[in-house]
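**Q** Line by line, the protein sequences are chains A and B.
Every letter in the first sequence is one number past the one before it in our numbering, and letter 5, counting from 1, is 5.
All you need for our numbering is the position in the second sequence, starting with 1, plus 1000.
Among the hints, erroneous ones may be present.
[Unchecked claim] Straight line, CA to CA, 25 Å or less: simulated DSS-like cross-link-like pairs of lysine-lysine:
#, chain 1, residue 1, chain 2, residue 2
1, A, 83, B, 1002
2, B, 1042, A, 98
3, B, 1099, A, 57
4, A, 57, A, 70
5, A, 14, A, 83
6, B, 1099, A, 98
7, B, 1099, A, 70
8, A, 98, B, 1067
9, B, 1099, B, 1056
10, A, 57, A, 98
11, B, 1056, A, 98
12, A, 57, B, 1002
13, A, 71, A, 9
14, A, 9, B, 1042
15, A, 57, A, 9
16, B, 1099, B, 1067
17, B, 1002, B, 1099
18, A, 70, A, 9
19, B, 1099, B, 1042
20, B, 1056, B, 1067
21, A, 70, A, 98
22, B, 1002, B, 1067
23, B, 1099, A, 71
Treat the hints as calculated values from the structure; they're not laboratory data.
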Amino acid sequence: DGGITQSPKYLFRKEGQNVTLSCEQNLNHDAMYWYRQDPGQGLRLIYYSQIVNDFQKGDIAEGYSVSREKKESFPLTVTSAQKNPTAFYLCASTPPGKANTGELFFGEGSRLTVL
Amino acid sequence: QKEVEQNSGPLSVPEGAIASLNCTYSDRVSQSFFWYRQYSGKSPELIMSIYSNGDKEDGRFTAQLNKASQYVSLLIRDSQPSDSATYLCAVNIRSGWGKLQFGAGTQVVVTP
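Only chain A is shown next, with the shape it has when bound in the complex:
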């Protein structure tokens, strides 16, 4: 079945460690996104990529990095520079032809907890 797969679903990290969250899609979508959600808050955009080998910072990119070497994959690295990394991380993509509307389909999310 087509969809967006995020892994791991739950991750625990010690302070000072980098961690990489995986996002893979087999929907043939060009545009992919990473959002962060904190309790009681809306989703905030971290990074987005419109096409392979290109990505742009979102509203809260500090302390995060991404790569887009393949159309199917858009991994997010949470670095030790991110001050408050504990959050629910959501990967999303936009269907072809919907790029101008911003319509998003989400993966199941990765919950990161810093101990």
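We have chain A already, so just place chain B on it with the hints.
**A** The following block gives chain B in isolation, referenced to the frame of chain A:
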């Protein structure tokens, strides 16, 4: 002022009644509007999109858009316990390509 604002709730609705959710946005030239449903601990699921003024109906859901007043609403008719979730309003803001700005969400609780 937040770009997209929603009442946080919780909005308590008797089973079978109509749930009415409101969302206001600040960017007058926004063109695309979405409602997502998010169950506790899960990811958001798109339930409605609307692009022009007026009403759009899909099953028990109706989205209403008024660009002049800069608000978009969602009505859930014949509310069911399975409708208990947080509903996120999302708006395609002018300043970004295909980037949605999300409200904080309204929690809906449908009581039997």
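**Q** If a hint holds in the structure, say so; if it does not, say that too.
**A** Now the hints, each set against the structure:
Proposed proximity of residue 83(A) and residue 1002(B) is supported: the alpha carbons are some 23 Å apart, at most 25 Å. Distance restraint check for residue 1042(B) and residue 98(A): the Cα-Cα separation of roughly 24 Å lies within the 25 Å cut-off, and the hinted pair is therefore satisfied. Of the supplied pair hints, the one linking residue 1099(B) and residue 57(A) holds, its CA atoms being roughly 11 Å apart against a limit of 25 Å. Our distance criterion of 25 Å between C-alpha atoms is met by residue 57(A) and residue 70(A), whose separation comes to about 18 Å.
Distance hint between residue 14(A) and residue 83(A) is fulfilled; the C-alpha atoms sit about 12 Å from each other, no more than 25 Å. Distance hint between residue 1099(B) and residue 98(A) is fulfilled; the C-alpha atoms sit about 11 Å from each other, no more than 25 Å. Proposed proximity of residue 1099(B) and residue 70(A) is supported: the alpha carbons are some 21 Å apart, at most 25 Å. Pair hint residue 98(A) plus residue 1067(B) holds up; C-alpha atoms about 21 Å apart against a cutoff of 25 Å.
Between residue 1099(B) and residue 1056(B), the direct Cα distance comes to roughly 22 Å. Compliance with the 25 Å bound is thereby established for this hinted pair. For the hint linking residue 57(A) to residue 98(A), the alpha-carbon distance of about 20 Å falls within 25 Å, and the restraint holds. Between residue 1056(B) and residue 98(A), the direct Cα distance comes to roughly 18 Å. Compliance with the 25 Å bound is thereby established for this hinted pair. Simply put, residue 57(A) and residue 1002(B) have alpha-carbon atoms about 20 Å apart, close enough for the 25 Å limit, and the pair holds.
As the CA atoms of residue 71(A) and residue 9(A) are separated by approximately 22 Å, the hinted pair is consistent with the 25 Å bound. For the hint linking residue 9(A) to residue 1042(B), the alpha-carbon distance of about 11 Å falls within 25 Å, and the restraint holds. As the CA atoms of residue 57(A) and residue 9(A) are separated by approximately 24 Å, the hinted pair is consistent with the 25 Å bound. The suggested pairing of residue 1099(B) with residue 1067(B) holds, with an alpha-carbon distance near 19 Å, which does not exceed 25 Å.
Between residue 1002(B) and residue 1099(B), the direct Cα distance comes to roughly 16 Å. Compliance with the 25 Å bound is thereby established for this hinted pair. Straight-line distance between C-alpha atoms of residue 70(A) and residue 9(A) comes to about 22 Å, which keeps the hinted pair within the 25 Å bound. At most 25 Å may separate the alpha-carbon atoms for a hinted pair to count; residue 1099(B) and residue 1042(B) meet this at roughly 21 Å. Restraint check: the Cα-Cα separation between residue 1056(B) and residue 1067(B) comes to about 14 Å, which is no more than 25 Å; the hinted pair holds.
With a C-alpha separation of about 20 Å, the suggested pairing of residue 70(A) with residue 98(A) holds against the 25 Å cut-off. The suggested pairing of residue 1002(B) with residue 1067(B) holds, with an alpha-carbon distance near 17 Å, which does not exceed 25 Å. At roughly 19 Å between alpha-carbon atoms, residue 1099(B) and residue 71(A) fall within 25 Å of each other, so this suggested pair holds.
This entry satisfies every hint, going by the numbered hints stated previously.
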